[in-house]
Amino acid sequence: MNYTTEEYTYMIYFYGIVRGNGLAAERVYAERFPNRRHPSKHTITQFFQRAMQTGNLAVHQNRDRALRRHVNDDERILQMVEENIQNSVRCISIGPYFFPAHLNGRTYADFTENQLPVLLENIPLRERETLIFQHNGAPAHYSRRVREILDERFPDKWIGRGGPIVWPARSPDFNVLDYFVWGYVKAAVEHIRDGTQNEIRDEIIAAFQTITPDMVHRATRQRTPN
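If you count by the UniProt record's numbering, then the sequence shown holds residues 1 to 226, one letter each, in order.
Derived by calculation from the structure, the hints in this document are not laboratory data. By construction, the Cβ of each residue, glycine as well, lies at the ideal position given by its N, Cα and C atoms. It is possible that part of the hints are untrue.
[As the list claims (entries may be wrong)] Okay, the calculated beta carbon distance ranges per label pair:
(1) Gln46 with Leu131: 42 to 48 Å
(2) Tyr97 with Arg126: 19 to 25 Å
(3) Thr196 with His217: 30 to 36 Å
(4) Pro164 with Thr220: 18 to 24 Å
(5) Gly162 with Asn2: 54 to 60 Å
(6) Arg145 with Pro213: 30 to 36 Å
(7) Gln209 with Ile132: 22 to 28 Å
(8) Asn35 with Thr5: 16 to 22 Å
(9) Gly162 with Glu129: 20 to 26 Å
(10) Glu121 with Gly16: 30 to 36 Å
Sequences and hints are given; from them, build the entire structure.
Okay, structure coming up:
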């Protein structure tokens, strides 16, 4: 099966993002482009190896004609993808911020009171005034001190257990993290589960950088079985 230059480029991009894991690259590609044909892990791996060996990206238009694009190194491929990905989540995201392995009410209260304001500093004041904060129903999120801080900093404008805005916990449009993001990121980083803490963090950040607003929009429109 022949693929376009754009399709081949994304194959290499995602293959690089997941550090050479064909299965993870296949999953990330399918999540990124659910309505396109999905190359298998073998297709992605074989193409990457061929591109590295030949230094060329070949896209066959028909039997008599082939368009060849030279790819000298990974940086050129990444630049090519960066120029075509529009509205990347990384352009509007905040952070990252990594919590300790065992989160409790005290550490989360410290985050909401001292760390969160720092993370929000680069957001224009007009946007901060209309910002709605959301977290899930984790025990640490429900501590009295955390709710007091959120009531003070986001009066009537935060979503969570015990918050002023009713939170339908099983609603995909309000709970995109549980219904889409965590599964997507896990699939992208599972190949390095035995890596060092810094390696795993780098992989998590890289996985988040492949998520676009369009992917999130589609996730909020998906129906879940009753």
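Beta-carbon spacing of Gln46 to Leu131 - inside the hinted bounds 42 to 48 Å or not: Holds, since Gln46 and Leu131 (Cβ atoms, about 46 Å apart) stay within the stated range.
CB-CB spacing for Gly16 and Glu121 relative to the 30 to 36 Å hint: Given about 32 Å between the Cβ atoms, the range holds.
His217 and Thr196 - C-beta distance against the hinted 30 to 36 Å: holds (35 Å)
Cβ distance range 19 to 25 Å for Tyr97 and Arg126, holds or violated: Given about 23 Å between the Cβ atoms, the range holds.
Consistency of beta-carbon spacing, Pro213 to Arg145, with hint 30 to 36 Å: holds (33 Å)
Status of the given 54 to 60 Å range, CB of Asn2 versus CB of Gly162: holds (56 Å)
C-beta pair Gly162, Glu129: status relative to the range 20 to 26 Å that was hinted: holds (23 Å)
Range agreement (Cβ of Ile132 with Cβ of Gln209, hint 22 to 28 Å): About 24 Å separates the Cβ atoms of Gln209 and Ile132, which means 22 to 28 Å holds.
Verdict for Asn35, Thr5 (Cβ pair) under range 16 to 22 Å: holds (19 Å)
Satisfaction of the hinted span 18 to 24 Å by the C-beta atoms belonging to Pro164 and Thr220: holds (22 Å)
When held up to the earlier numbered hints, the structure conflicts with none and fits them all.
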